[in-house]
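Asker: Sequence:
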Amino acid sequence: MAKYNHKEIEPKWRKNWDESGIYKTGEGKDKPKYYILDMFPYPSGAGLHVGHPKGYIATDVYGRMRMMQGYNVLHPMGWDAFGLPAENFALANKVHPRIATEKNIATFKKQLAQLGFTYDWEREINTTDPEFYKWTQWIFLEMFKRGLAYESREPINWCPSCKTGLANEDLENGRCERCGSVVEKKPMRQWVLKITAYAERMLDDLEKLPDWEESIKEMQKNWIGKSEGASIKFPVILSAAERNEESREETGSFADAQDDVSIKVFTTRPDTLFGATYMVLAPEHELIKNYELRIKNYGEVKKYAEDAKKKSEIDRADVQKEKTGVELKGVKAINPVNNEEIPVFVADYVLAGYGTGAIMAVPGHDERDFEFAKKYGLAIREVVKAEKKNDGECFSGEGVSVNSGFLDGLTTPEAKKKMIFWLEEKGIGKKSVSYKIKDWVFSRQRYWGEPFPLAYCEHCKNAVDDFIATSKIDLGKIRSFASSADAGSAQDDRERGGFTLGELLNPGWIGVDELPVTLPEVEHYEPTGTGESPLANIVEWVNTKCPKCGGAAKRETNTMPQWAGSSWYYLRFEDPKNDQALVNKEKEKYWSPVDFYVGGAEHATRHLIYARFWHKFLYDIGAVSYDEPFTRLQHVGLILAEDGRKMSKRWNNVINPDEIVEKYGADAMRVYEMFMGPFSQPVAWNTNGLIGARKFLERVWKLKSKVQKSESQKSRSQKLDNLLHKTIKKVGEDIESFKFNTAISQMMILVNEMTAADGLSKEQYQALLKILAPFAPHLCEELWTEVRSEKELESIFNEEWPKYDPELIKDEIIELVIQVNGKVRDMISVDAEVSEEEAKKIALESENVKKWTKGKRAEKIVYVKGKLVSIVVKD
RNA sequence: GGUCCAGUGGUGGAACUGGUAUACACGAGAGACUUAAAAUCUCUUGAGGGCAACCUCAUGUGGGUUCGACUCCCACCUGGACCACCA
129 MAKYNHKEIE PKWRKNWDES GIYKTGEGKD KPKYYILDMF PYPSGAGLHV
179 GHPKGYIATD VYGRMRMMQG YNVLHPMGWD AFGLPAENFA LANKVHPRIA
229 TEKNIATFKK QLAQLGFTYD WEREINTTDP EFYKWTQWIF LEMFKRGLAY
279 ESREPINWCP SCKTGLANED LENGRCERCG SVVEKKPMRQ WVLKITAYAE
329 RMLDDLEKLP DWEESIKEMQ KNWIGKSEGA SIKFPVILSA AERNEESREE
379 TGSFADAQDD VSIKVFTTRP DTLFGATYMV LAPEHELIKN YELRIKNYGE
429 VKKYAEDAKK KSEIDRADVQ KEKTGVELKG VKAINPVNNE EIPVFVADYV
479 LAGYGTGAIM AVPGHDERDF EFAKKYGLAI REVVKAEKKN DGECFSGEGV
529 SVNSGFLDGL TTPEAKKKMI FWLEEKGIGK KSVSYKIKDW VFSRQRYWGE
579 PFPLAYCEHC KNAVDDFIAT SKIDLGKIRS FASSADAGSA QDDRERGGFT
629 LGELLNPGWI GVDELPVTLP EVEHYEPTGT GESPLANIVE WVNTKCPKCG
679 GAAKRETNTM PQWAGSSWYY LRFEDPKNDQ ALVNKEKEKY WSPVDFYVGG
729 AEHATRHLIY ARFWHKFLYD IGAVSYDEPF TRLQHVGLIL AEDGRKMSKR
779 WNNVINPDEI VEKYGADAMR VYEMFMGPFS QPVAWNTNGL IGARKFLERV
829 WKLKSKVQKS ESQKSRSQKL DNLLHKTIKK VGEDIESFKF NTAISQMMIL
879 VNEMTAADGL SKEQYQALLK ILAPFAPHLC EELWTEVRSE KELESIFNEE
929 WPKYDPELIK DEIIELVIQV NGKVRDMISV DAEVSEEEAK KIALESENVK
979 KWTKGKRAEK IVYVKGKLVS IVVKD
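Take the first sequence: its position 8, counted from the start at 1, is 136 in this note's numbering, and no numbers get skipped.
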């Protein structure tokens, strides 16, 4: 018999599959559909290491099983090729990003191809293809028109090394997720997407996703970070000394102004309002620059605020460091619940980006305020009585209100409710919700990304202003209107006199409807570092005609972030060549949503948040007909290097799949990666383990000759059938629940039994091949053609997935376990149908059991059908 | 600091809904084949005691519930992931 030679078998079958087109996606409506998807990779220059394909192998195994179960399976692959990694690689290697990307894609494709995946390459997509990003731009434009994209000049995260602004999601502990540089805060003109408008729905709809892993949902919940509480207004006045001075000098005007001045705060603990003894503003707070004349120590305050703003996020967010701040001399705030005058500080422990950028400080019941108050000698008042309280510590839990007027005696939840009611009645506060998630900073100052389909027109800017002036539309109202997700229907647009909501919010910016707006060729695509994208240098591209008035206009020169294309790419696989619409509604009804999505957990708060946001928006505008994109979600556990560290060039511990395939074969690698451990858990690579997988396949190979010998004898053991059918059952169920490691160990048990058995029938062997085929497709296809008969199909993947016979998996004889006082004392083989009476009788008659029951009385006998008898004895 | 997850042999790990703990694989040891090695095959392999039947102990630690706990409850220890001055 020929030896198992993967080098011969594997290329042969891959060629055969390519030519026969067996993996072309079928669309016959007579079959049910199954859409299984991997998170598509960005093709970096380093190529694949053995860890990358783990998820792809899993989806391939699952998809192949579904094929054999009679489904049309859509299992596509594409490339997330825009973005910083591709561009940085191109810069380092002095080639155009497009060329580098093409080359990298070719490498990736070659590497993936040799693993024998079922990808239908006719559906390949690439986010950098103008025919693809045309629709990325289209989605942006739809958001822009509805006021969900807006221009902002807020300070944002700036990576000094990548020379671009970054979204909150792109940071890791205050560092750039890509290059590890400490991120600075820099005020810059940015396009921002109003993801916060969808925060509530994204949170609520997690309930609709029972087949998502709990851990991923939890991460999203934390990222969205909903807090419920109240917003409260604290009036601001001049301090007593200043008031006297004012009236002496008769400057007179502050009396009018003070009515309007107030500090708005958000708190989750309105029940502690009586304990608010000072206030703190974030260094970025508007009041500071607006009240220069009123703040007596303005120089000092300004210096503190400026210094704080300059600090990197990482320094500012250091929890360990001592809190600092400066009092705003000359002004006071009034605690509205007791009319006390309280001091106002600026301090960098208050964040501009959360809540209102100002807090009421309750040092009695907030650790941070407590620390600050001790340092600056501020009043600390107990307003919540703790059940247990440690001296000298601050109690931030729930209890009963004290020293709190009308709240006294109420528990914290009651007090919160009552305070909110009181605030609303007086009109100085209201129930309020705050989210941690921030709007999505959507522009990058780099070359290799989708251009924005926007032009800036001075004329239309004035026209918009005129329009607002004549129609008396309050821009503030429009802004709050835009926060609701359903803002901006086509009808609204008409009523606004031809201006879209986006244009009203971003005067002068006009959407370019002629798509795609293609990325121009440039001489120098290095980032400028000035906050301008390299595109700004291409005069002939920048200068354009205003799509609205036809006059001179300038294009937006920032580009979109890498996350743009990946936020909707899964829709494109349904109909990748459609140039009329983002999705073909007919096809969409068949394929979508994605039934099963597999990828890394690191995307829980990035890609998966963005994709859900875009999808919900597309649902709202009627572009898709369902509101969650991914029905089932499973995360892949990393494959670590043999030394237990992440595989990385830096540690020189990377294992290249090409070498493994060459030496042991793709099938051995596939089986090993699925066998290593629980799918979602990180496991270290171990080449010895791989050899074990290879040996297993060799045993399967050798069984072939046993079948041929057995054929005439017609020997078919009952025992083997029993195990075979149990294995069919377990493998099917385990693949279904992504427990590949136990599926494989069960097949190993079966193969060991088959090897040891007296005879092996062809049917038994064929059933084994069918359930192993998704894991080791080349080997099983080869063996299948050798043992199949004329009437059987040419490819094993056209065969039906075997069904187990419930009769055959029943055990006739079982091992009855007998326990005495909880300890196993005997095991007796009995008929599976044994009655309770009889089982108990057999148990009590056992010699081993008698040793333990002798001279004692049986107090209780527990019987578990088909399993055990538990005897409880007492002296 | 918050949220979540995990802790089982020398190693990766298995154990359904509370019912034989350590399946399967790796590694190690012994043997067969071989001039020899590799490959392959067979046996042993949680710890301790015993010639053996068998007994005792063992799923991070300590308690609890139960006839019975890796599994459920409480407290603690250790490790990991994500978030983090989020008011």
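Just so you know, these hints were derived from the structure itself, not from any lab.
Warning: the hint list may mix true and false statements.
Unchecked claim - Derived BS3-like pairs: lysine-lysine, alpha-carbon spacing no greater than 30 Å straight-line:
1. LYS554 to LYS589
2. LYS559 to LYS349
3. LYS131 to LYS832
4. LYS774 to LYS238
5. LYS867 to LYS857
6. LYS417 to LYS502
7. LYS361 to LYS336
8. LYS238 to LYS392
Asker: All the hints need checking, so say for each whether the structure fits it.
Answerer: Right, here's what the structure says about each hint:
1. LYS554 to LYS589: violated (41 Å)
2. LYS559 to LYS349: Satisfied, since the Cα-Cα distance of roughly 21 Å is no more than 30 Å.
3. LYS131 to LYS832: At roughly 11 Å apart (the allowed maximum being 30 Å), LYS832 and LYS131 satisfy the hint.
4. LYS774 to LYS238: holds (24 Å)
5. LYS867 to LYS857: holds (13 Å)
6. LYS417 to LYS502: Distance ~28 Å between LYS417 and LYS502 Cα, so the pair holds.
7. LYS361 to LYS336: This hinted pair is violated, its Cα atoms lying about 37 Å apart.
8. LYS238 to LYS392: Cα-Cα ~59 Å, so violated.
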